[in-house]
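Spelled out from the first residue to the last, the chains are:
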Amino acid sequence: MRTGQGIWAVLQRELQLWRSGALPGLAVIGLVVALRLVGGLQMLEWFALDYLLRLRPPEPTDEHILIVGIDEDDIQAVGQYPIPDGELADLIQTLNQSEPAVIGLDIFRDLPQEPGHQQLADLFRTTPNLIGIERIFPRTIAPPPALPTEQVGFADLQSDPDGKLRRNLLGAYDAQEEFSFSLAIRVAGKFLGDRNLPLESGLRDPYALRFGKAELPRIQPNTGGYRNLEKPTDEVDTFINYRSGGHPFEMVSLRAVLAGEVPDELVRDRIVLIGVVAPSVKDIINTVAVSSTAPNPAPGIVYGVEVQAHAISQIVQAALYQRPLLNSWGESWEYLWIAAWGILGISLGRFLGTPWRVVAGLSVSCAVFLGLSYWLLVMGWWVPLVPPLMILLVNGAGITTALFYRYQQDLKQQLRDRQYVIDHTFNAIHNGPLQTLSLLLRKTHSGDLELPQIEARLKDLNQELRAVYELVRQEVLTRDENLHLAEDQAIALSESLDEVLYEVYSYTLKREFDYFKTLKFSVTTFEPLDTTGLTLEHKRNLGRFLEESLCNVGKYAAGATRLDVTCKQEEGWNVIRVMDNGKGFDPTQPTTGGRGTQLAKNLEQQLGGQFRREFVKPKGTLCELKWKAAKIKSHS
Amino acid sequence: MAGLKIVVVDDHELVLDSTVTVLQRQYPDAKISTAQATATALTLIEQTQPDLVVVDLALPEQSGQVSRTETGLQLLRTLLQRFPTLNIVVQSANAKSLVRLKPSINTHEGGFTIAEKSLPLKEMLTKVDWAIQGVVYTPREMRTGLEIKPEWLEVLRLAFQEGLQDKAIAERMRVAERTVRHYWTQVQDALGVYPDAGKNNRIQTEIRAREEGLID
Chain A
1 MRTGQGIWAV LQRELQLWRS GALPGLAVIG LVVALRLVGG LQMLEWFALD YLLRLRPPEP
61 TDEHILIVGI DEDDIQAVGQ YPIPDGELAD LIQTLNQSEP AVIGLDIFRD LPQEPGHQQL
121 ADLFRTTPNL IGIERIFPRT IAPPPALPTE QVGFADLQSD PDGKLRRNLL GAYDAQEEFS
181 FSLAIRVAGK FLGDRNLPLE SGLRDPYALR FGKAELPRIQ PNTGGYRNLE KPTDEVDTFI
241 NYRSGGHPFE MVSLRAVLAG EVPDELVRDR IVLIGVVAPS VKDIINTVAV SSTAPNPAPG
301 IVYGVEVQAH AISQIVQAAL YQRPLLNSWG ESWEYLWIAA WGILGISLGR FLGTPWRVVA
361 GLSVSCAVFL GLSYWLLVMG WWVPLVPPLM ILLVNGAGIT TALFYRYQQD LKQQLRDRQY
421 VIDHTFNAIH NGPLQTLSLL LRKTHSGDLE LPQIEARLKD LNQELRAVYE LVRQEVLTRD
481 ENLHLAEDQA IALSESLDEV LYEVYSYTLK REFDYFKTLK FSVTTFEPLD TTGLTLEHKR
541 NLGRFLEESL CNVGKYAAGA TRLDVTCKQE EGWNVIRVMD NGKGFDPTQP TTGGRGTQLA
601 KNLEQQLGGQ FRREFVKPKG TLCELKWKAA KIKSHS
Chain B
1 MAGLKIVVVD DHELVLDSTV TVLQRQYPDA KISTAQATAT ALTLIEQTQP DLVVVDLALP
61 EQSGQVSRTE TGLQLLRTLL QRFPTLNIVV QSANAKSLVR LKPSINTHEG GFTIAEKSLP
121 LKEMLTKVDW AIQGVVYTPR EMRTGLEIKP EWLEVLRLAF QEGLQDKAIA ERMRVAERTV
181 RHYWTQVQDA LGVYPDAGKN NRIQTEIRAR EEGLID
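Going down the list, the sequences are from chains A and B. Its first residue numbered 1, the first sequence is counted upward by one per residue in my numbering. Its first residue numbered 1, the second sequence is counted upward by one per residue in my numbering.
Quick caveat, the hints were computed from the structure, so don't treat them as lab data. Do not take every clue at face value.
Under the rule of at most 30 Å between Cα atoms (straight-line distance), these lysine-lysine pairs were calculated in the BS3-like manner [said to hold, decoys possible]:
(1) A:Lys510 <-> B:Lys96
(2) A:Lys231 <-> A:Lys213
(3) B:Lys167 <-> A:Lys601
(4) B:Lys102 <-> A:Lys555
(5) A:Lys520 <-> B:Lys149
Assemble the whole structure, with the sequences as input and the hints as a guide.
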C-alpha cells in the first residue's frame with residue numbers, strides 16, 4: 001500500500017515536473033522549428049552567416065590572382081568613359097608581355113568603344129587566354145562579337161532578397177536555351193585546365209561542377225538558411241566562401257600597368273581580372289561578409305570584379321589546396337542539431353537546479369554552441385545558428401525565471417514551515433504546562449494549597465515541560481499523524497473526526513481542573529462530521545480547539561454543574577460547541593487565553609467558518625466553531 | 001433459549017475453546033461458530049446472522065498475522081455500523097482503548113457489554129446474558145464522569161416529570177418505541193443501573209437520576 005502510493009507520488013511529481021518544465025521547452029523547440037520552416041528566420045540566419053564569415057581569421061593574399069582595378073583616377077587620366085577599346089587593348093597587350101595564365105575582362109564590350117576597336121577585336125580573336133563577359137538574364141548584354149564562345153562567361157550576380165550577395169551562379173540556360181558558364185567557371189576552368197584539373201561533373205552530386213577533388217556544392221531551394229529560394233531548378237550555383245582578411249587580392253590600377261610599374265611576378269602565371277572599381281560606374285554589389293580593397297571603399301559594398309575574384313579564388317584554392325568550400329548539412333541533420341540543442345537547454349533546468357547554476361550553464365552552453373558553429377563555418381559548414389540560439393535563450397530564460405519563482409516559493413514555504421513549528425511549540429506549551437502553571441498560580445494566590453501539593457504540581461509541570469520537546473518533535477518532524485495531548489496520549493488523526501474529538505473530550509475532562517470537579521454531568525453529542533477538505537493539520541487544530549475550549553471551562557466556569565459538548569452537523573454546518581452553566585470570566589476583562597482565541601480565529605479563517613464565544617443566560621459560557629465543508633480554502 | 005446463534009471471535013485457540021465450552025454449557029441449544037481473525041469473523045457474521053457476537057479486542061486481520069487492538073477496534077466499528085441491533089460482548093484486557101468508540105456504542109441499539117478478561121466466569125456469563133437482553137454495560141474507566149446524551153435527558157424528563165409511558169414518549173420525541181427502549185438501556189448504563197433480581201429498573205433509574213441532578 002505504502003510503496004504503491006510512493007511510486008504513484010513519484011510518477012505524479014515527475015509528470016508535474018515535465019508538464020511545467022519540459023512541455024513549454026518542447027513547445028519552444030516546435031515553435032522555432034515551425035518559424036524556420038515558414039522562412040521566418042531566413043533573414044536572421046543570413047545575417048548570422050555574414051557576421052560569422054566576417055569574424056573568420058584573415059587568410060593570406062591569394063597569389064594566383066591579380067586585379068587590375070580601373071579606378072576614378074584612371075578614368076580621369078583616360079579622359080572618357082566607357083574606357084575606349086584602344087586603352088583596353090593596350091592594357092591586355094602590356095599584361096600579356098608578362099605571360100599571365102588567363103585574363104578575365106570583366107567589362108562589357110558588346111558595342112565598339114572607339115578609338116581602337118579594331119585593335120581590341122583583333123586581340124579577342126588572337127588571344128586564347130582571354131575571357132570576356134556577357135549578361136544572360138534581362139536585360140541581356142551580348143558578349144564581344146569577336147570573342148569565341150568558349151572564351152565567354154556570364155557576369156550575372158544574383159543577390160538574395162535582402163540585397164546581399166552570398167551565392168555565385170556557375171551555370172545556367174540563357175535566353176537561347178543554351179547552357180552557359182559563368183566568368184568564374186570559364187576563368188578557373190582555363191587556369192585549372194592548364195594544370196590538368198579540367199571541369200567535370202560532380203561525383204556525389206552529378207549536377208554539380210567539379211575540378212579535381214573540388215566539387216562545388218549546389219544550392220537547393222532549402223539549403224542551409226535558405227527557405228524556398230526562388231530559382232530555376234536547372235541553375236547551378238554555390239555559396240561564395242569569401243576570402244577573409246583585409247587584403248585578399250593584389251590590386252593595381254590601369255595607370256600603373258600602362259606605366260610599367262607593375263612587377264612582372266604579379267602577372268606571370270596568374271589570373272588577371274580587369275574591372276572597374278570607380279564609384280561613379282556603380283559596378284557594385286552588397287555584402288557585409290568582406291570589405292572592398294579598392295581605393296576609398298564604402299562599407300558593405302564590394303566591386304563586381306572583386307566578387308569575381310572571390311568566386312574564382314575559392315574554386316582555384318579548393319582545387320589546388322583543398323581550401324573548404326561553403327556547404328551545409330541535409331535538412332534532417334539540421335533539425336536534429338536544432339532539437340539536440342533545445343533538449344540540452346531543457347536539461348539545464350532539469351539537472352542544474354538553482355537559478356545561478358542555470359545561468360552559468362546557459363552561458364557555457366551558448367559559448368560552446370557559438371564556438372562550435374564558428375569552427376564549423378571555418379571548416380566550411382554553414383549550420384543553423386539562429387534557431388538553436390533562440391531556443392537556448394528562450395528556454396534558458398524561461399527556466400531561470402521559473403526557478404527564481406520556485407526559489408521565492410521555497411522561501412515562502414520555509415517561512416510557513418517555521419511559523420508552523422512556532423505555532424506547534426506554542427500550542428504544546430499552552431495547552432499543557434501553561435495550563436498547569438496558571439492553575440498553580442491561582443491556587444497559590446488564594447493560598448489554599450499546601451506545600452506538598454505545590455511540590456507535586458511543580459513536579460507535574462517539570463514533567464510536562466520536558467515532554468514538550470518530544471511532543472513537538474513527533475508532530476512536526478516525523479510527519480506524525482497523531483494528535484499528542486500528553487506524552488503518553490496520542491490520538492490517531494486518521495480516525496474519523498468525531499472519534500478523535502471524543503477522545504480529546506474524554507482525555508481532557510480527566511485533567512486536574514477545579515471546575516471539572518463540580519460538574520455533575522455532561523450532555524454530549526458526538527456524531528460524524530463532514531470532513532471533506534479537511535487536512536490532517538485541520539483535524540489536529542480542531543482537536544486542539546476542543547481541548548482549549550474544555551480547559552477554559554475547567555479554569556473559568558466557577559460552579560458549573562452541567563457541561564454540554566456537541567460535535568455534529570446542524571443545518572449544513574459542522575458544529576463544535578462547548579457550553580457550561582458556570583460563572584465564567586468577566587467579559588469586560590481581556591481574556592488570558594489569547595493564544596487559544598488565536599487558534600480559533602486561525603481555524604475560522606482557514607475553514608471559512610464562524611467562531612463565537614459568548615455568555616448565555618442565565619449564566620454560563622458558550623464557545624462554538626462551525627464551518628461548511630464546501631467553504632474550506634483549498635490552500636491556506 | 002432454543003435456536004440461539006452465537007459467534008465467538010478470539011485469536012487464541014485455547015481461550016476460544018474454553019469460551020465455547022462455557023457458553024455451550026450455559027446455552028446447550030445454541031449453535032456456536034468461531035473465527036480467529038477479523039476477515040473470517042465478518043464473513044461468518046454476515047452468513048449466520050447471529051444473535052450474539054463475543055469478540056476479543058486484540059485480533060489479526062487474517063489468521064497468522066500479528067494481533068492488534070486497532071484491528072479489533074476496526075471490526076467493532078464495522079459491526080456497530082452494519083449491524084445496529086446486533087448484541088455484542090467485548091472481551092478485553094484493556095477497556096480504555098474502547099473510549100473512542102463510545103459515541104458509536106451510545107447510538108448502538110443492540111446489547112453491548114464489556115467483559116474484562118480477568119472477570120470470574122460467573123460475571124462473564126452475566127455480561128453475556130445482559131448483552132442477549134439488550135443491556136448496555138461499559139466499565140467505569142471508560143467513562144468521563146456522568147455523560148449522557150440530550151435524547152436520554154429528554155426521556156428521563158418525560159418519564160419522571162410528566163409521567164409518560166414509552167409509547168407516549170416515542171410520540172412526543174417522534175421516534176420509534178424501540179428507540180426509546182434503547183435510550184433507556186443507554187441511560188441506565190450511564191447511571192450504573194443494571195438488571196438486578198428483585199429490583200425495578202425504572203425506579204432505580206429514577207432514584208439515580210435524581211441523585212445526579214438530571215431531573216429536579
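For each hint, the structure was consulted:
Only pairs whose Cα atoms come within 30 Å are accepted, and Lys510 of chain A paired with Lys96 of chain B is accepted, the gap being roughly 13 Å. For the suggested pair Lys231 of chain A and Lys213 of chain A, the alpha carbons sit about 27 Å apart, so the restraint of at most 30 Å is met. Of the supplied pair hints, the one linking Lys167 of chain B and Lys601 of chain A is violated, its CA atoms being roughly 46 Å apart against a limit of 30 Å. Between the alpha carbons of Lys102 of chain B and Lys555 of chain A the distance comes to roughly 26 Å, so the proposed pair stays at or under 30 Å and holds.
The suggested pairing of Lys520 of chain A with Lys149 of chain B holds, with an alpha-carbon distance near 14 Å, which does not exceed 30 Å.
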